[in-house]
Structures are given as C-alpha cells and as structure tokens.
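Asks: If you want the building blocks of each chain, they are given just below.
2 protein chains.
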Amino acid sequence: MCQLLGMNCNIPTDICFSFTGFQARGGATDVHSDGWGIAFFEGKGTRVFLDPQPSCNSPLAALVSNYPIHSKNVIAHIRKATQGSIGLENTHPFMRELWGRYWIFAHNGNLLDFSPELDGSFVPVGLTDSELAFCWLLQELRQRFGSSCPDPAELFGTIQALTVAIAQFGEFNFLLSNGDCLFAHASTKLRYIVRRAPFKQAHLNDQDVTIDFSALTNPDDRVAIIATEALTDNEAWESMPPGTLWRFEEGLPVQTLQTLAGPVKKKSA
Amino acid sequence: MCQLLGMNCNIPTDICFSFTGFQARGGATDVHSDGWGIAFFEGKGTRVFLDPQPSCNSPLAALVSNYPIHSKNVIAHIRKATQGSIGLENTHPFMRELWGRYWIFAHNGNLLDFSPELDGSFVPVGLTDSELAFCWLLQELRQRFGSSCPDPAELFGTIQALTVAIAQFGEFNFLLSNGDCLFAHASTKLRYIVRRAPFKQAHLNDQDVTIDFSALTNPDDRVAIIATEALTDNEAWESMPPGTLWRFEEGLPVQTLQTLAGPVKKKSA
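Keeping their order, the protein sequence lines are chains A and B. Counting in the numbering used here, the first sequence runs from 100 upward without gaps. Counting in the numbering used here, the second sequence runs from 100 upward without gaps.
Treat the hints as calculated values from the structure; they're not laboratory data. Do not rely on the hints blindly, as some may be mistaken.
[To be verified] In silico DSSO-like pairs for lysine-lysine, Cα to Cα no more than 27 Å straight-line:
| id | chain 1 | residue 1 | chain 2 | residue 2 |
| --- | --- | --- | --- | --- |
| 1 | B | K288 | A | K143 |
| 2 | B | K179 | A | K143 |
| 3 | A | K179 | A | K288 |
| 4 | B | K299 | B | K288 |
| 5 | A | K179 | B | K143 |
Take the sequences, apply the hints, and build the full model.
Replies: Next comes the structure, spelled out in structure tokens:
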C-alpha cells in the first residue's frame, strides 16, 4: 500500500516540516520505497516533483524538504506498488487539465477488476488502477458538466457519486485538488489536523524534529494537514471515518458526505 | 523573447552539460529571467521542473544541472515574457496527455491576434499565446485522428499543416515531443548539432566549462541537441532554415518539411 499527505491552507504555506517526516517513511521508517511524488498549486500553476526512487535517499526529496514552496494546496504520495511496475509513469500524484485548471490526484488502496469504459478524453499513461480511476473520474465530470466547472457544492455531490461507484471495486483512499479546494476520501484510513491560533510546538513521529509554529505564523493562519498516519506525536489528529468524502477549503473541512451507499444513483428522466 | 533547448538521443542521456550553459542565459549571460522549465521523458513517464524565478540563481536549476536524469527526449525553455505575466501557470514547457501519452511543448516567439476556437478538450490554464497554440494543436490532432495516434509520417504531415496555420500569426519557433520523437519548428531561429563517434571535447559559450565526450560515451551513442543559439564555441552547429519543421528520432533528424506555404490546405470531399 501507499501513504498520502495533503495540505490545504488559507494562505500559501510551505510543507517542509510535514514532508520531512513523510519522506522518512519512503524506505527509512517505513516500507513505501517504490517512488514518491508531490504536487504544489501556486495560483493556477502547478509544480509536480516525481521520483521512482525511495524518498528517504532521493536528492529531489531532500530539495523539496529544504526549499520552501508556498502553496494553498499540496498533495504528496509515497508508493508501495500493488498494480503497475515501479516507474515514473506509475508514480503518483497524477495530473490532468480539465476546464482550464490542473487537477492533481493520488491514491492509496487497490481496485480489483475496475475496467470502466473510457471515451478517449482522459487516457492513462501508466498501468495503475489509480490513474485509471482518476481518468474515469475526470471523464465523467466533463460528461456531466460540459465545458465549465459547476459550483463547489454541486461538484462535491458528483464527486461523491463517482467515488461511491469506484469504491465498490476496493480500497480507495484518495486526495484530489484543482487548486481551489482539496477533496479527501477516507475509504479505510485517513486522518487530519487543523493548525490554527494559538499555535504550539509540534514534534515529528518519524524524525526527532520539533517546530514552534507560534514563531512562524500569523494569528489568522489556518492549515489543514491530511495524512494516512499521524505525522506528529504531540498533536490530536482526527480520524476520518471509513466511507467519508471531505472537502477542505481555506484550511478547514467545509463539507462531508458518506460514500458507503450502494450503486451510483442515476437520475431518471 | 525566449530561448529553447531540446535533446533527442538513441540511448537515455543526461543533459547536465548543455543545461549548465543554457541555465546561465536565464539572467546571468542573457536576459531571459522570467522563469524557466525543463521536461524529461523517461519511458512513457515525464518529469517537468518549472520555476518562475530566473534560472541563473534557482536552487531547482542548480539541482537539475547536477542531478543526471537519463532521458531520450528533453525540452527546456527560459522565458522573457511577451504575453502572460510572470507566474508558474505561464512557465514553459507545458504538458497535456493525448492518446495515453504525455505531450510536452515549449515556444519561442509571439503570436498576435491568435484566437482559435476551442472545443473544451484542451484548455489553457495560463494566459500565454504559447499554451493556447499547444492546446489548439492537440485538439486538432485528436479531431483528425480520433482515439489513436497515427504513424509518425502521417502525424508529422498533420503537425506541419497545423504549424503553417499557426505561424501565420507570428513568430512560432517550438519544440514538441510525445517521448517517441522530437518535433522542432524553426520559424526564425533554431540550430542543432548531432554528437556521435568520434566524440570530442566541447566547451560552453556561456561558462568556462569543457567536457570530453569521448570519455563518457559508447561508439553507438547519438545525441541531437537543438537550441535557439549555439551552446558551445568549438562545435559546428547547423542553422535550421526559417520555415522548416523537423522530426528528430533516435538522435538524428529523420524528416523535414517546409512551413512557409500559405493557408492550411483543406481536403475537399
């Protein structure tokens, strides 16, 4: 399996501290050594760093840990391969463009016998179930909403219906963002924390590193961190119940929907 | 204006030497300081490094100069902004997926009053004429060939026709690749060199750096480098005549077509 890390904030923030702990799990403190990747939204632009090497000793991961890129939405992934060989084309997160915005997706889980019909608008480059699910999800969004993005609540409802459809095929924890907000699906395991004033110290689980957020933040700052496993050992991480889809915006969870229902409900004419 | 750098090889090769010289032009030895980017194909996978900062003092560019990524197709760009503000979303090269392959595009030039009709399949995220031309080009390829990639010669002919159509709007030097081959259009200025046995020493124009390729290569290696301006001062760079489109494959120019013709020829029924 893999691990996910996401960040959603109300002001552009760097993820160096959290990524330092996360990076260690890619071959040092944990077994997720089949590649890693991280995507940063900066306005509408996106930077994606991918490496099919273990993150624990990747020069690129060392750079990302030490080079503060300020972003309101970040998605990172360390991989333990299930489907698709180790290789750059199978390394998460994946990126596509829809409605003139980049979309970023990373998945933790395993989908069995998932083979939806593709119309050619989004086609996987690699061989993972994850990229296939992402392509199908975007295809269905475009089919339903045509050439422009719906309002966030309607978009969220449709992503929930599509998530229910995909999750029937197996474990489907994911993070998804278009740069405006971050969608997080807890299929089996996902946690989050919101850091806001009064800011305190935090200490990593995976490395002996402490940060004093009170010295680095403003009172209005708000940062939501979403991760497969808690990254710090002295903060209260919330468990996200299995079968819940979340929308994070401006550093807060703003909407939640169940995804444990049966087959996708289709509108009748 | 901007500058382009491309590499096409018969075996995966690193571009550290050429990029070291190219990088200096982003604010040190030349004025192209409005961002830079580089894309590497590794098999079907792609890594894109983008930075809206000048390349001459970018930590990311320093990493790319020193971290040997082996690739058969590379496209790099340093920007002097004409259309679109300085920002990540306007930084070349651009990436999209078509027919289950990533496509990478970078442009040097300026297209005036270019406003083609888009059907929504590829929509620019930023505000450059360059990304718009790329999106339109991919849209037309998909419209003409449907869900699968034609053979290289047919693809090349269609890219030539589309290039003629776009080049009517202004200067349109570009590099384009899907990982199999590299297309290069000389609208006003582009040069190339093929390095092959017997390999010799090369010395950069922009920094006092010499490399001895004979110590680093095998006799069968073949590397084509394409650039706006010659990168070395002791090698014979070929000028690519204005109005020519080239296809490089396995480290060689394998096909050339004129693009100085009039309007696009449409097939009559």
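Asks: If a hint holds in the structure, say so; if it doesn't, say that too.
Replies: Status of each hint after checking the structure:
1. Between B/K288 and A/K143, the direct Cα distance comes to roughly 31 Å. Violation of the 27 Å bound is thereby established for this hinted pair.
2. For the suggested pair B/K179 and A/K143, the alpha carbons sit about 20 Å apart, so the restraint of at most 27 Å is met.
3. A hinted pair counts as satisfied when its Cα atoms are at most 27 Å apart, and A/K179 with A/K288 qualifies at roughly 16 Å.
4. Using a Cα cut-off of 27 Å, the hinted pair B/K299 and B/K288 holds, with the two alpha carbons roughly 26 Å apart.
5. For the proposed pair A/K179 and B/K143, the alpha carbon gap of about 20 Å is at most 27 Å, so the pair holds.
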